[in-house]
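Undergrad: Sequence:
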Amino acid sequence: MRKTLLALIGAATVMGTLATPASASALETREFVGHGSSDFGLALFHARQDAKGQAERAGFSTCEEYFKLVISPYEATVFWRCTR
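Residue numbers (mature numbering (1 follows the signal peptide of the UniProt record, and there is no 0)): -26 to -1, 1 to 58.
Just so you know, these hints were derived from the structure itself, not from any lab.
All C-beta atoms in this analysis are idealised placements derived from N, C-alpha and C, irrespective of residue type, glycine included.
Please note: incorrect hints may appear among the correct ones.
Unchecked claim - With a Cα cut of at most 20 Å, we get these calculated EDC-like pairs of lysine to aspartate or glutamate:
no., residue 1, residue 2
1, Lys26, Glu38
2, Lys26, Glu2
3, Lys42, Asp24
4, Lys42, Asp13
5, Lys26, Glu5
6, Lys42, Glu5
7, Lys26, Glu39
Stated by the list, open to error - Cβ pair distances, simulated, as ranges:
no., residue 1, residue 2, range
8, Ser11, Gly33, 25 to 31 Å
9, Glu5, Pro47, 33 to 39 Å
10, Glu49, Leu1, 31 to 37 Å
11, Leu1, Phe41, 30 to 36 Å
12, Leu16, Glu38, 17 to 23 Å
13, Pro47, Ala(-1), 39 to 45 Å
14, Thr57, Ser11, 27 to 33 Å
15, Glu2, Ser46, 30 to 36 Å
16, Gly27, Glu2, 15 to 21 Å
17, Ser35, Phe14, 26 to 32 Å
18, Thr3, Tyr48, 27 to 33 Å
19, Ser(-2), Ser46, 41 to 47 Å
Please put together the full structure from these sequences, using the hints given.
TA: Rendered as structure tokens:
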């Protein structure tokens, strides 16, 4: 009984390993930091444009903003994580 149980567990492990497909391609992830300042209170807008420009120049198009630091309406920093 014990040998049968071990054989079944072993077969299930092998089947699980073989049935799991490998990843087709590895994603590259990179972080960008955008800084912005404005005399008119548009610092966050400028910080996002800075991060977006950096990401586009590096060839990244899928990005998410994972943190923003708005010191005042006149100074801001955003942190973006991008993948391609």
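Undergrad: Kindly indicate which numbered hints from before are broken by the structure, ordering the numbers from low to high.
TA: The structure conflicts with hints 9, 11, although it agrees with all the remaining ones.
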